[in-house]
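Visitor: Okay, here's what each chain looks like letter by letter:
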Amino acid sequence: MTALQYADVQRGAFLDQLKDLVRIPSISTDPTRTGDMLRAAEWLAADMRRIGLSRVEIMPTAGHPVVYGEWLGAGANAPTVLIYGHYDVQPAVLADGWHSEPFDPVERDGKLYARGSSDDKGQVFAQVKAVESLLTEGRKPAVNLKFLIEGEEEIGSPNLGAFVAQHRDLLKADVCVVSDTGMKDMNQPSICYATRGLMYFELEVVGPSQDLHSGGFGGIVHNPAQVIAEMIAALHAPDGRITVPGFYDAVAELSATERETLRHSAPTEADWKAVSGVSGFWGEAGYELHERVGTRPTLEVNGIVSGFYGAGSKTVLPAKALAKLSCRLVPNQEPRAIFEQVKAYLLSIAPPTVHAEVRLIAEAYPAVMDLHSSAMQAATVAYERGWGRKPIFERGGGTLPILADFQRQLNNLPIILMGFGLSSDGAHGPNESYTIEMFHKGIATAICFYEELAK
Amino acid sequence: MTAASAYAQSNFNRFSDQLKELLCIPSISTLPAHRADVERAAAWIADDMRRIGFHTVEIIPTKWHPVVLGEWMGAGKDAPTVLVYGHYDVQPAEMADGWHTPPFEPTEKDGKIFARGAIDSKSNVMAQLKAAESLIATGTAPCNIKLLFEGDEETTSENMNTFVTAHRERLQADVVAICDGSMSDREQPDLAYGLRGVVCMELEVWGPKQDVHSGHYGGTVHNPIQALAEIITRLHNPDGSVAVPGFYDTVQPLSEEERAELKKALPWIETEWKDVAAAPQQWGESAYNLHERIGARPTLEINGIAGGFAQEGFKTVLPGRALAKISCRLVPDQTSVPIYEKLRDFIASITPPTVRSEFRLLETGEPAVIDRHGAAVQAASAALEMVWGKKPFFVREGGSIPVVVDLQRELKTDMVLLSFGYKGCAAHGPNEHVYLNIWERGIQTMIAFYHNIGAKTQA
Numbered sequence: 001m002t003a004l005q006y007a008d009v010q011r012g013a014f015l016d017q018l019k020d021l022v023r024i025p026s027i028s029t030d031p032t033r034t035g036d037m038l039r040a041a042e043w044l045a046a047d048m049r050r051i052g053l054s055r056v057e058i059m060p061t062a063g064h065p066v067v068y069g070e071w072l073g074a075g076a077n078a079p080t081v082l083i084y085g086h087y088d089v090q091p092a093v094l095a096d097g098w099h100s101e102p103f104d105p106v107e108r109d110g111k112l113y114a115r116g117s118s119d120d121k122g123q124v125f126a127q128v129k130a131v132e133s134l135l136t137e138g139r140k141p142a143v144n145l146k147f148l149i150e151g152e153e154e155i156g157s158p159n160l161g162a163f164v165a166q167h168r169d170l171l172k173a174d175v176c177v178v179s180d181t182g183m184k185d186m187n188q189p190s191i192c193y194a195t196r197g198l199m200y201f202e203l204e205v206v207g208p209s210q211d212l213h214s215g216g217f218g219g220i221v222h223n224p225a226q227v228i229a230e231m232i233a234a235l236h237a238p239d240g241r242i243t244v245p246g247f248y249d250a251v252a253e254l255s256a257t258e259r260e261t262l263r264h265s266a267p268t269e270a271d272w273k274a275v276s277g278v279s280g281f282w283g284e285a286g287y288e289l290h291e292r293v294g295t296r297p298t299l300e301v302n303g304i305v306s307g308f309y310g311a312g313s314k315t316v317l318p319a320k321a322l323a324k325l326s327c328r329l330v331p332n333q334e335p336r337a338i339f340e341q342v343k344a345y346l347l348s349i350a351p352p353t354v355h356a357e358v359r360l361i362a363e364a365y366p367a368v369m370d371l372h373s374s375a376m377q378a379a380t381v382a383y384e385r386g387w388g389r390k391p392i393f394e395r396g397g398g399t400l401p402i403l404a405d406f407q408r409q410l411n412n413l414p415i416i417l418m419g420f421g422l423s424s425d426g427a428h429g430p431n432e433s434y435t436i437e438m439f440h441k442g443i444a445t446a447i448c449f450y451e452e453l454a455k
Numbered sequence: 456m457t458a459a460s461a462y463a464q465s466n467f468n469r470f471s472d473q474l475k476e477l478l479c480i481p482s483i484s485t486l487p488a489h490r491a492d493v494e495r496a497a498a499w500i501a502d503d504m505r506r507i508g509f510h511t512v513e514i515i516p517t518k519w520h521p522v523v524l525g526e527w528m529g530a531g532k533d534a535p536t537v538l539v540y541g542h543y544d545v546q547p548a549e550m551a552d553g554w555h556t557p558p559f560e561p562t563e564k565d566g567k568i569f570a571r572g573a574i575d576s577k578s579n580v581m582a583q584l585k586a587a588e589s590l591i592a593t594g595t596a597p598c599n600i601k602l603l604f605e606g607d608e609e610t611t612s613e614n615m616n617t618f619v620t621a622h623r624e625r626l627q628a629d630v631v632a633i634c635d636g637s638m639s640d641r642e643q644p645d646l647a648y649g650l651r652g653v654v655c656m657e658l659e660v661w662g663p664k665q666d667v668h669s670g671h672y673g674g675t676v677h678n679p680i681q682a683l684a685e686i687i688t689r690l691h692n693p694d695g696s697v698a699v700p701g702f703y704d705t706v707q708p709l710s711e712e713e714r715a716e717l718k719k720a721l722p723w724i725e726t727e728w729k730d731v732a733a734a735p736q737q738w739g740e741s742a743y744n745l746h747e748r749i750g751a752r753p754t755l756e757i758n759g760i761a762g763g764f765a766q767e768g769f770k771t772v773l774p775g776r777a778l779a780k781i782s783c784r785l786v787p788d789q790t791s792v793p794i795y796e797k798l799r800d801f802i803a804s805i806t807p808p809t810v811r812s813e814f815r816l817l818e819t820g821e822p823a824v825i826d827r828h829g830a831a832v833q834a835a836s837a838a839l840e841m842v843w844g845k846k847p848f849f850v851r852e853g854g855s856i857p858v859v860v861d862l863q864r865e866l867k868t869d870m871v872l873l874s875f876g877y878k879g880c881a882a883h884g885p886n887e888h889v890y891l892n893i894w895e896r897g898i899q900t901m902i903a904f905y906h907n908i909g910a911k912t913q914a
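Chains A and B supply the protein sequences, listed in that same order. To convert, note that position 151 of the first sequence is 151 in our numbering; the numbers rise steadily by one, no gaps. To convert, note that position 67 of the second sequence is 522 in our numbering; the numbers rise steadily by one, no gaps.
Extracted from the complex, chain A is given alone in its bound form:
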């Protein structure tokens, strides 16, 4: 039996195992979930030992631990692949609009519904199962394999940079594979070769010293909820551009060639509408939808809270208002420099009737990968074998903070984003799902990739 045949025979078993993994609510953003985080790490480590990796360790960091595993049986002259993924997930509760419990996986219409099913447990687990298929029945793949599965991706990988720097020798590899992205269409494989950076911050506006009666003080105190709305509204111009002075200064414009390459990844407006559910598009004038997502920086309000917002009414004049905002960044924007620009601008427009504060919460650099490396060629062939169709190339809108760290710490090694998710999976939102066929195609493609790489 070949590795591909083995993977096919094991389809049901692999899926059942994935269900066990997504049952663990490993929410890294929630400090009360430390126990679940460790449980998920231990579950993965146990599976990795079982499939025949020669060394598996749960390695501590200043935050949640890293799961490391290796098989070096191909020998010192064979290429080594470092496979990256993450076992932590975003928060999820039924009340967010889930149709079933987010940590109780449900199969419906060929999809597996659960938090983490696509981002990223389903994808990283597809890699583990590809390696299992390559190793079982005494097979010896022609590449060495190392796994680095972290638990802090959803909080911006704050400790991974230090971990990689500290374990440079252990992680030494010729190519890195990251399975944590999505494609738009299950029938058209695509390779994502760029991710955006992130600068996440919060804006707090404080007015009076305490919540006030809106009858007693309405009309003589500047309402912080109104002020924060006015400040947020001032961050975009009517043409969708960000008004922060200097914001676009470092943005590298697209070449005509790259624009042409990317055109193959453009979604149809109808598809985009169907997936997002909006009635009309919005965004920066002069750029197409896929360019706005992959190649242009943005500024989003991720959340806002102030005063009373329950059922009914309460005539309160709130003392303060808080908004969470974030910028997606593209080369060559620097997260710190963008934070300083945004902060200076917000403080300059804050009226003297309130006190405003801008705080940096997380940062990550954007990354672009070389389209012409030999690893990229191997990936192209692997996708073609796995899907029966040539992949297209695209730039992702999301952020993978580790890419810049890997590039910096590991000799600028080529990185392949081997994403097996779909953009319709609803990552981070309610009813996240993973198309089960994507899981199996992903396993097959990963097997092909490691075979191609050895050639």
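Keep in mind the hints are simulated off the structure, nothing from the lab. Don't take every hint at face value.
Claimed, not checked - Listed next, the in silico EDC-like pairs over lysine to aspartate or glutamate satisfying Cα-Cα at most 20 Å (straight line):
{"no.": "1", "chain 1": "A", "residue 1": "Lys314", "chain 2": "B", "residue 2": "Glu865"}
{"no.": "2", "chain 1": "B", "residue 1": "Lys664", "chain 2": "A", "residue 2": "Asp96"}
{"no.": "3", "chain 1": "A", "residue 1": "Lys314", "chain 2": "B", "residue 2": "Glu613"}
{"no.": "4", "chain 1": "A", "residue 1": "Lys390", "chain 2": "A", "residue 2": "Glu340"}
Stated by the list, open to error - Simulated restraints, written as ranges between beta carbons of each label pair:
{"no.": "5", "chain 1": "B", "residue 1": "Gly884", "chain 2": "A", "residue 2": "Glu357", "range": "55 to 61 Å"}
{"no.": "6", "chain 1": "A", "residue 1": "Ser209", "chain 2": "B", "residue 2": "Ala715", "range": "28 to 34 Å"}
{"no.": "7", "chain 1": "B", "residue 1": "Thr593", "chain 2": "A", "residue 2": "Gly312", "range": "44 to 50 Å"}
{"no.": "8", "chain 1": "B", "residue 1": "Glu659", "chain 2": "A", "residue 2": "Thr32", "range": "29 to 35 Å"}
{"no.": "9", "chain 1": "B", "residue 1": "Thr593", "chain 2": "A", "residue 2": "Ser209", "range": "47 to 53 Å"}
{"no.": "10", "chain 1": "A", "residue 1": "Thr243", "chain 2": "B", "residue 2": "Glu659", "range": "25 to 31 Å"}
{"no.": "11", "chain 1": "A", "residue 1": "Gly312", "chain 2": "B", "residue 2": "Gly566", "range": "56 to 62 Å"}
{"no.": "12", "chain 1": "B", "residue 1": "Arg495", "chain 2": "A", "residue 2": "Leu38", "range": "20 to 26 Å"}
{"no.": "13", "chain 1": "A", "residue 1": "Ser209", "chain 2": "B", "residue 2": "Arg495", "range": "35 to 41 Å"}
{"no.": "14", "chain 1": "A", "residue 1": "Lys314", "chain 2": "B", "residue 2": "Gln737", "range": "50 to 56 Å"}
{"no.": "15", "chain 1": "A", "residue 1": "Ala311", "chain 2": "B", "residue 2": "Glu712", "range": "40 to 46 Å"}
{"no.": "16", "chain 1": "B", "residue 1": "Pro547", "chain 2": "A", "residue 2": "Arg39", "range": "58 to 64 Å"}
{"no.": "17", "chain 1": "A", "residue 1": "Leu38", "chain 2": "B", "residue 2": "Arg811", "range": "51 to 57 Å"}
{"no.": "18", "chain 1": "A", "residue 1": "Pro238", "chain 2": "B", "residue 2": "Arg641", "range": "53 to 59 Å"}
Said to hold, decoys possible - From the derived model, a few chain B residues whose C-beta atoms are all more than 12 Å from chain A:
{"no.": "19", "residue": "Val512"}
{"no.": "20", "residue": "Lys567"}
{"no.": "21", "residue": "Glu713"}
{"no.": "22", "residue": "His746"}
{"no.": "23", "residue": "Val810"}
{"no.": "24", "residue": "Val824"}
{"no.": "25", "residue": "Gln833"}
{"no.": "26", "residue": "Val842"}
{"no.": "27", "residue": "Gly844"}
Here a beta-carbon is modelled for each residue, glycine too, at the ideal position from N, C-alpha and C.
Following the hints, put chain B in place on chain A, whose structure we already have.
Guide: Just chain B now, with coordinates in the frame of chain A:
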């Protein structure tokens, strides 16, 4: 000194013991577990009315807590009838909130009684009962007296709207005194004659069909929080005025005479602003002073706003929806529903096509202004001046007392807001208290008020 006044003076110690008795009853209307206590307080008041000699005393059930109504008609059908409104229910209170003494064990210290309800509003209720007792016991009551005490004020007086309509005939009077609220100073009396109305609404904005990944969709869909912020921004002009077309159309302008009157109490509002609001700077319509902005000008406030993820940590979500609670304070002759409709139409017109919005009406209350030159206000003003030795300041309050609007609508009679609280007495908070000397002045003021009403009719 009148006979009633002398009676009140010599019986004051007993009056304060009785006040303490009433304060012992935890008549918390907002907590269903205290329903029996609220009824016990109603029974205590009804018993006292009978002791005083009220001819008709009735505990009238409502869909929630009962109303106590006492009528003394001994002044004869040619004498004027005075209806007094008050409430005997209180806010919750527990030691853990920061009380120094148990909230339902009244404690006298430094000329004050500490207890929940001491200022809001059982001392007002007792001032009414004891003023009536002093007049009736001395046979000098110049008016017929109807005392109406409700048990649902702290749960928004929703019952009173229908109660007042249903009992319109029984409540008929020549003068109505609303006895709840507070004065701003312990030495300088004031009379409130204006209350703003309120209309509570909510605005919801939808973008994508659910929360989506801000990396995957950011930059291509209009963020609902941003769209909501953009709509909210357009509701005010840079000068602080409300930008909704037609919003000010029916606002009564202030006369120079009224502006001069309102200016007297301005230092209080400035002090309160510094002590309580303590924001970095004042804000509002620059053409009006703080008292006028609070009492005589309408406003539009954002009471709350929510959308997406706003807890500790972070989540890179592009939310599917955002919500804002919005309310307007209204002044005569604005009315709540037309103001809501103006806002609704304006918001619909400025909602961009990239999102959907809905603007819903939640609650309404109409504004009220009482004639400062009417007989009831003048009688109260003279009574306050006699007892305090100072002419009262006239003030317009920024908040609402819904029962005032209900009584104005149903009884269409001369009205006055007459209350003997003091703002610094921690109503609704821990260590609520009443100053005994102010409370005694309240009883004396009420006796003088009845005499003034009676004298006016005879003259």
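Visitor: Take the hints in turn and mark each one as holding or not.
Guide: Verification of the hints:
1. With a C-alpha separation of about 27 Å, the suggested pairing of Lys314/A with Glu865/B is violated against the 20 Å cut-off.
2. With a C-alpha separation of about 13 Å, the suggested pair Lys664/B and Asp96/A falls inside the 20 Å cut-off, and the hint holds.
3. Annotation: proposed proximity of Lys314/A to Glu613/B holds, straight-line Cα distance about 15 Å (limit 20 Å).
4. Our distance criterion of 20 Å between C-alpha atoms is broken by Lys390/A and Glu340/A, whose separation comes to about 43 Å.
5. Between Gly884/B and Glu357/A, the C-beta spacing of about 29 Å breaks the proposed range 55 to 61 Å.
6. Separation of Ser209/A from Ala715/B is about 32 Å and conforms to the stated range, judged on CB atoms against 28 to 34 Å.
7. Take Thr593/B and Gly312/A: their Cβ atoms lie about 49 Å apart, and the range 44 to 50 Å holds.
8. Checked against the hint of 29 to 35 Å, the C-beta distance between Glu659/B and Thr32/A comes to roughly 31 Å, which is consistent with it.
9. Taken as a hint, the range 47 to 53 Å holds for the pair Thr593/B and Ser209/A, whose Cβ atoms sit roughly 49 Å apart.
10. Distance hint check for Thr243/A and Glu659/B: the Cβ-Cβ separation is about 26 Å, which falls inside the suggested range of 25 to 31 Å.
11. At about 40 Å, the CB distance of Gly312/A to Gly566/B disagrees with the hint of 56 to 62 Å.
12. The given range of 20 to 26 Å is broken by Arg495/B and Leu38/A, whose C-beta atoms sit roughly 56 Å from each other.
13. In this structure the hint that Ser209/A and Arg495/B lie 35 to 41 Å apart at CB holds, the actual value being about 39 Å.
14. Checked against the given bound of 50 to 56 Å, the beta carbons of Lys314/A and Gln737/B, roughly 24 Å apart, lie outside it.
15. At about 45 Å, the beta-carbon gap between Ala311/A and Glu712/B stays in the expected band of 40 to 46 Å.
16. Checked against the hint of 58 to 64 Å, the pair Pro547/B and Arg39/A fails, with Cβ atoms roughly 42 Å apart.
17. The given range of 51 to 57 Å is broken by Leu38/A and Arg811/B, whose C-beta atoms sit roughly 44 Å from each other.
18. Under the hint 53 to 59 Å, the C-beta atoms of Pro238/A and Arg641/B, about 55 Å apart, fit the expected range.
19. Every CB of chain A is more than 12 Å from the CB of Val512/B (nearest about 34 Å), matching its label as outside the interface.
20. The beta carbon of Lys567/B sits about 24 Å from the closest Cβ of chain A, which is more than 12 Å, so the claim that it is off the interface holds.
21. For Glu713/B, the non-interface assignment is confirmed: its Cβ lies about 17 Å from the closest Cβ of chain A, beyond the 12 Å cut-off.
22. Not every Cβ of chain A is farther than 12 Å from the Cβ of His746/B; the closest lies at roughly 9 Å, contradicting the non-interface assignment.
23. With a least CB separation of 8 Å from chain A, Val810/B falls inside the 12 Å interface cut-off, contrary to its annotation.
24. At the 12 Å boundary, the C-beta of Val824/B stays outside the reach of chain A, the nearest C-beta of that chain being 15 Å off.
25. No beta-carbon of chain A comes within 12 Å of the beta-carbon of Gln833/B; the shortest separation is about 27 Å.
26. Listed as outside the interface, Val842/B is consistent with that label: its C-beta sits roughly 27 Å from the nearest C-beta of chain A, beyond the 12 Å cut-off.
27. The claim that Gly844/B lies off the interface holds: its Cβ sits roughly 28 Å from the closest Cβ of chain A, which is beyond the 12 Å cut-off.
Violation of the numbered hints given earlier is confined to hints 1, 4, 5, 11, 12, 14, 16, 17, 22, 23; the remaining hints are satisfied by the structure.
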